[in-house]
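Please build the complete structure, drawing on both the sequences and the hints.
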Amino acid sequence: MAVSISTAPRTVKKAATLTLKRRARWGEAIGEAAVKIVALTSIASVVLILIFVGKEALPVLTSSELHKELTFGGMFRPSAAGYVWQPVSEVPKYNIVPLFVGTLKVTLVSLFVAVPLSVAAAVFVAEFAGRTAREIVKPAIELLAGIPSVVVGFFALVVLATWVQSIFGTEHRLNTLVAGIALSFAIMPVVFSVSEDALRAVPDSYRQAAIALGSTKSQVVLRVVLPAAAPGIAAAVVLGFGRAIGETMIVILATGNAALLDFDLGHSVRTVTATIAQELGEVVVGSAHYHLLFFLGALLFLSTLVVNAGGERIVSGMRRKLGGGS
Amino acid sequence: MAKGTGHVLQRRVRKSDRVLLGATGFATALILAMLATLVLDVVVGGAKTVTWSFLSEAPTKGMTAGGIFPAIVGTVALTLMMTLAAVPAGVATAVYLTEYAAASSPIARAIRICISNLAGVPSIVFGLFGLGFFVTTIGRGIDNTFYAGHLTYGKPALIWAALTLAILTLPVVVVSTEEALRSVPRELRDASLALGATRFQTVLRVVLPHALGGILTGAILAVSRGAGEVAPIMFTGVAYFLPYLPKYPNDQFMNLGYHVYVLATQSPDVDRTKPLLYGTVLVLLGLTFLLNLVAIVIRSRMRRRILA
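Chains A and B are the protein sequences, given in the same order.
All residue numbers for the first sequence refer to numbering that gives the first Met the number 0, where the first residue is 0 and numbers rise by one.
All residue numbers for the second sequence refer to numbering that gives the first Met the number 0, where the first residue is 0 and numbers rise by one.
Bear in mind the hints are in silico, worked out from the structure with no lab data behind them.
These numbers come from a predicted model, not from an experiment.
Beta carbons are placed, not taken as given, at the ideal position from N, Cα and C, and that holds for glycine.
Among the hints, erroneous ones may be present.
DMTMM-like mimics (lysine to aspartate or glutamate), calculated; alpha carbons at most 25 Å apart, straight line [stated by the list, open to error]:
hint, chain 1, residue 1, chain 2, residue 2
1, A, LYS137, B, GLU56
2, A, LYS137, A, GLU311
3, B, LYS14, A, ASP203
4, A, LYS92, A, ASP263
5, A, LYS216, A, ASP203
6, B, LYS273, A, GLU170
Sample of chain A residues with no beta-carbon within 10 Å of chain B, all distances over it, derived [claimed, not checked]:
hint, residue
7, PRO58
8, LEU65
9, VAL83
10, GLN85
11, ARG130
12, SER165
13, THR169
14, ARG199
15, ALA209
16, PHE262
17, GLY316
18, ARG318
Covered stretches of chain A, as calculated for chain B (at least 3 residues, CB under 8 Å) [to be verified]:
hint, region
19, 42-56
20, 86-99
21, 236-246
22, 294-305
Right, dumping it as structure tokens:
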């Protein structure tokens with residue numbers, strides 16, 4: 000009991016038992032207090048993130064000094080040149096629409112690739128796979144989740160981009176399609192594991208009832224298990240979306256980072272996250288550009304909070320409906 | 000129903016089973032193939048570069064030659080410091096949630112909500128937070144209080160990057176530790192309490208030793224996650240190139256992941272840096288894979304023990 004010995008008053012030398020008791024009581028109190036205080040770290044962190052990202056973002060809305068250079072309308076409405084993000088130029092243009100459209104474009108492509116594959120894989124693992132197959136697939140997907148995003152981005156930049164260009168003949172080598180496919184690497188583990196949990200949460204009695212009524216395996220899966228797990232799979236997609244809009248290193252390496260506003264998948268794009276990562280290092284602290292980058296971060300933070308809360312809500316709602324089994 | 004139609008129906012039905020099995024199995028195989036392609040490409044591309052001298056030397060000639068030793072040292076120092084902060088905080092949180100708080104406690108609920116939110120915060124937001132809180136607020140505060148405004152801690156530094164990453168990896172430690180604590184049988188706690196041990200003694204000497212595997216898994220996963228993150232350290236301490244190794248908590252440092260980013264985007268000579276780039280990626284990927292594998296093995300052993 001190292002804790003209590005170090006905290007015991009050294010001068011007290013009464014009956015041994017009494018000291019021991021008092022030591023234990025002191026150690027106990029200090030130990031418990033420490034645990035309880037340290038346990039608040041997560042709450043403190045979330046609050047501090049809100050305060051300190053918010054504090055630097057707020058001048059975008061309130062500072063009249065900043066509004067000489069940066070108007071709220073100008074962030075969303077097109078100027079004479081259209082929707083332009085050009086923060087470093089003689090007349091800086093701070094239209095954030097192309098950045099958000101860029102993020103959405105890449106995210107949608109990645110969901111389009113990742114969702115069918117990961118949900119199908121989840122069905123395979125939960126409904127068809129034997130023990131051996133499961134013990135290969137699940138750790139493999141955990142490994143996939145463990146690949147650093149900068150490594151996936153590197154792979155997209157060096158290898159995937161060449162393949163995509165030779166197959167689809169895209170105009171830019173780095174583009175929405177490349178980034179979307181690369182991003183799907185990062186969100187497949189999320190979509191897979193949440194979907195698989197959802198499928199597993201469907202009680203076996205559902206399957207047994209369907210089989211007893213003469214259903215085949217495919218009917219059981221497609222008409223009973225999948226509909227019952229549908230909210231969980233929806234949550235998986237929502238959580239995958241939340242993961243995708245916040246991803247930085249993959250898109251920074253794979254998109255080409257040109258803030259173009261169009262809907263051509265073969266064109267380069269610039270996402271919100273990549274903009275922050277690339278520009279914050281060179282920005283003048285306290286400038287309009289600096290505060291705007293924090294503002295983008297705050298918007299990103301708030302959207303992931305909302306998206307994740309939505310996802311969690313669906314999951315817990317489904318758990319309750321299916322009787323809490325997992 | 001005639002015998003013939005029943006037979007046909009059954010056959011068609013079996014066929015649809017096979018189609019579904021085939022389609023889902025194919026999707027699974029495709030995901031595994033994507034993983035394998037990436038890993039093989041990195042291994043084949045990097046195998047020739049990763050030699051002892053690559054691991055033990057500093058970059059030279061404007062990072063077009065030499066090794067990645069400072070980046071390895073920086074990454075190790077960063078994750079070590081991060082672990083020192085994240086593991087105690089994460090374990091204490093998990094202990095509080097499982098051993099002290101009542102299930103209905105509003106504080107426990109708030110902690111859980113914050114943990115799951117933290118896990119979803121984009122890594123670049125952690126970067127912004129680290130800059131706004133640790134570097135410019137705490138760091139500058141320390142400078143003004145202890146160093147008479149002399150720029151010492153109010154700049155990007157190892158300690159700020161480590162603390163930023165510690166918050167990012169906190170959920171990993173908490174979730175893994177909590178799972179391990181929940182798997183400790185109730186009887187053990189009851190026995191300990193019945194023998195006159197206090198609650199804290201029970202936690203310290205009975206519950207935590209029993210859950211050591213899970214805590215270790217959490218720590219390893221946190222290290223693996225932290226070793227690969229780039230966005231949160233970009234503005235809080237990492238350096239493009241340093242001629243020296245980090246010695247003090249307020250030194251800047253080099254980092255494997257950031258090195259990959261720098262080599263991939265800012266190289267003056269793409270063809271000459273490509274082997275170095277592949278080598279660095281292989282080292283980073285090897286490191287994170289190794290850590291993940293160890294965590295997976297420990298965890299599956301632990302689960303088997305619980306089932307047995």
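Hint check results:
no.	hint	verdict
1	A:LYS137 <-> B:GLU56	violated (38 Å)
2	A:LYS137 <-> A:GLU311	holds (22 Å)
3	B:LYS14 <-> A:ASP203	holds (24 Å)
4	A:LYS92 <-> A:ASP263	holds (23 Å)
5	A:LYS216 <-> A:ASP203	holds (13 Å)
6	B:LYS273 <-> A:GLU170	holds (24 Å)
7	PRO58	holds (13 Å)
8	LEU65	holds (17 Å)
9	VAL83	holds (23 Å)
10	GLN85	holds (20 Å)
11	ARG130	holds (12 Å)
12	SER165	holds (15 Å)
13	THR169	holds (20 Å)
14	ARG199	holds (15 Å)
15	ALA209	holds (13 Å)
16	PHE262	holds (24 Å)
17	GLY316	holds (15 Å)
18	ARG318	holds (14 Å)
19	42-56	holds (count 9)
20	86-99	violated (count 0)
21	236-246	holds (count 6)
22	294-305	holds (count 5)
Of the numbered hints listed earlier, those contradicted by the structure are 1, 20.
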